[in-house]
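*Asks:* Go by the hints and put chains Z and P onto chain X.
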Amino acid sequence: MPKQQEKNKTIEQKNYEKLQAKHELKRPIAKNCVKAFLVGGLFCTVGQAISYIYIYFFNFTEQTVGNPTSATMVFIALLLTGFGIYDRIGQFAGAGSAVPVTGFGNAIISAAIEHRTEGFVLGVGSNMFKLAGSVIVFGVFSAFVVAIIKTLFGMVGG
Amino acid sequence: MLIGKQSWIFANQPVITSTGVTGGPFEANGLLAADFDLLHEDLWMGQDSYEKAHRLLIEEAVQIALKKGTVKKEDVQFFLAGDLVNQITPTSFAARTNAIPYFGLFGACSTSMEGLALAAFIVNYSGAYHVLTGASSHNAAIEKQFRYPTEYGGQKPPTAQWTITGAGVALVSQAKSGGGPAPHIQSATIGKVIDMGINDPFNMGGAMAPAAVDTILAHFRDFKLTSDAYDAIITGDLGYVGRETAYDLLSQKGFDLAKDKFRDCGLMIYKSNQPVLSGGSGAGCSATVLYGHILNQMKIGKLKRILFVATGALLSPLSVQQNESIPCIAHAVAIEYGTGTI
Amino acid sequence: MMIRICLQLLFIFTLFLSGCASKDDGKTERLALLKQTDPKPIDIIDTTDRNIGDEEAVKKEVKKNDHIYDVVIVKNGKDMLVAYKIKHLHRFKMKQVEKKLTKDLNKKFEGIHFIVSSDYKIFLEAVRLNKLLRENEIPREKAKKEFKQLVELKEEKT
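Chains as they are written, first to last, in this note's numbering: chain X, 136 to 293; chain Z, 35 to 376; chain P, 154 to 311.
Just so you know, the hints here were simulated from the structure itself, not pulled from any lab data.
Treat each hint with caution, since some may be false.
[Stated by the list, open to error] The calculated BS3-like cross-link candidates involving lysine-lysine, where the alpha carbons are at most 27 Å apart (straight line), are: (1) X:170 to Z:190; (2) Z:336 to Z:295; (3) Z:287 to X:144; (4) Z:293 to X:161; (5) X:157 to Z:293; (6) P:252 to X:285; (7) P:188 to P:252; (8) X:153 to Z:293; (9) X:153 to Z:226; (10) X:265 to X:285; (11) X:170 to Z:338; (12) X:265 to Z:86; (13) X:157 to Z:336; (14) P:216 to P:248; (15) X:285 to P:248; (16) Z:287 to X:153; (17) X:144 to Z:226; (18) Z:295 to X:153; (19) Z:295 to Z:338; (20) X:157 to Z:190; (21) P:240 to P:295; (22) P:231 to P:212; (23) X:161 to Z:305; (24) X:157 to Z:287; (25) X:149 to Z:293; (26) P:256 to P:310; (27) P:212 to P:307; (28) Z:190 to X:265; (29) Z:295 to X:157; (30) Z:338 to Z:39; (31) Z:338 to X:161; (32) X:285 to P:253; (33) P:217 to P:295.
If we strip away everything but chain X, and leave its shape as in the complex, we get (with noise of 0.2 Å):
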């Protein structure tokens, strides 16, 4: 689709878009990486910690603590969001701040605050997984293919 948009465009359209990508401000990635290299791994420390809490204190192994420590973590992302402070930590980590649980729940969360005025069924509840949604979907799908690709082998290889 975006490469018959690139050969529908004419000269000037062309030439204007080489004169624009000079001012342009580029993402600084190296810059950006190490950012979320940082505040992700900050994350993780939290959750690691969180997670051996959870094994000194409570009855849970490495095995199952996952669950309880995920959930911790997305109701601390829970507070941060309410309070105004995730987005903010978001635009300075970029993927450090997403790809953990935590931004699972802040793109949950965020879109429930956001739609609240439009009370609790119409706004929150359908409004909710906006943009988790797909998250879920596509990893239902893919675990979906894995598992039936994991199943063939497992039937060819006895």
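*Replies:* Below, chains Z and P alone, put in the same frame as chain X:
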């Protein structure tokens, strides 16, 4: 009267009698806070939705403009305004409140000049004695319309712009002979839609720059003016990227202009330490800056003749998702401060 | 504003953490995750160290493994719980180590049912049980029950 291909000259020189400018908390921390008539401390503004707050901004701006102009709302014939929310409801609801016969306009961020040009036209030909015109935007309501939720932690690229919270309304009236000095609307140029194939919704400045350039060139061509005819050419919300690009494009087309005479509202309104990336944007940006800051500058004599060019990106979230490029438009209005020539 | 939010968050966290400090019967083994403990093996049936030849042999065998640096053993009749810690950078091989160890132990020591685990939680609890038994602070029946619970905990997946 039609001049050239797409311009009007207003022989009777309608006057901007008074203006009302309201803003939000982010603008209160900005550079031009002193030029706002009313600044809210909170984005909610005591309302229970951002859309209602948006409406409140317009209502208050209208009230202030009427009060400053000492004109009763019954004496105002028409209200020409618009905003960026779907079906421009905040403006229409505000029009319900003030009960002035109403034209709803949509020209994205160019609405302010679309309204001013039409208002001047109506007043010039005695279609009305007083016309209210304006444009507005509310950061949270517009971001909700066009982008991700406001609290979503996605990283915006450095070309992105910050939608301002504010409404600017002007009362355009017939010029009275013997009145004191006031901003007179001289002429206007209506732009055509230009699409240069940019399809990044986070780079609106870059998309709108060619439209601004096209309208500016058309204006100078229609009136056969030289580039030093104005003290400043002020664009609406091109932002850093758009202003640089537009300036380059103008020089490329042989239009010679000193760079400090080519200014942009999106770059004027905020301090450099505010996280607005490439600058301010939104329908309210050009309206608040022109009706607040620029007219004040004209009053103290810093500027005499200006050409104000408001640019708009005519996109919708749907068209962006369907991979359409962003068509843009720009309208120019020339304003001169003085006693008028009649 | 920011400071107030931070303080609120801190307050919530302290509440959250202080609520968890109830299960506190043993202080030294709290540090078992951080430092090497290497306690003597113990048998719940007979805590007098008279017949721990087998256990010592098992321990020696486990310690021969290069990836492992800390072992605790608790025996209950024919069941022997072997919990160990893997050197941090070797944790990628955790699964293989566990498989191989189980196989080796089963081959060498017939007649004993091994429960092998590298889980921190299991290790922690095993150290605690070991210590309590050694100091005779836990009745035999209760120790047996806890042993059973530990084995069940190890089997839990989510």
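*Asks:* Mind listing which of the numbered hints don't hold for this structure, in increasing order?
*Replies:* Hints 10, 11, 13, 21, 31 and 33 are the ones this structure does not satisfy, whereas the remaining hints hold.
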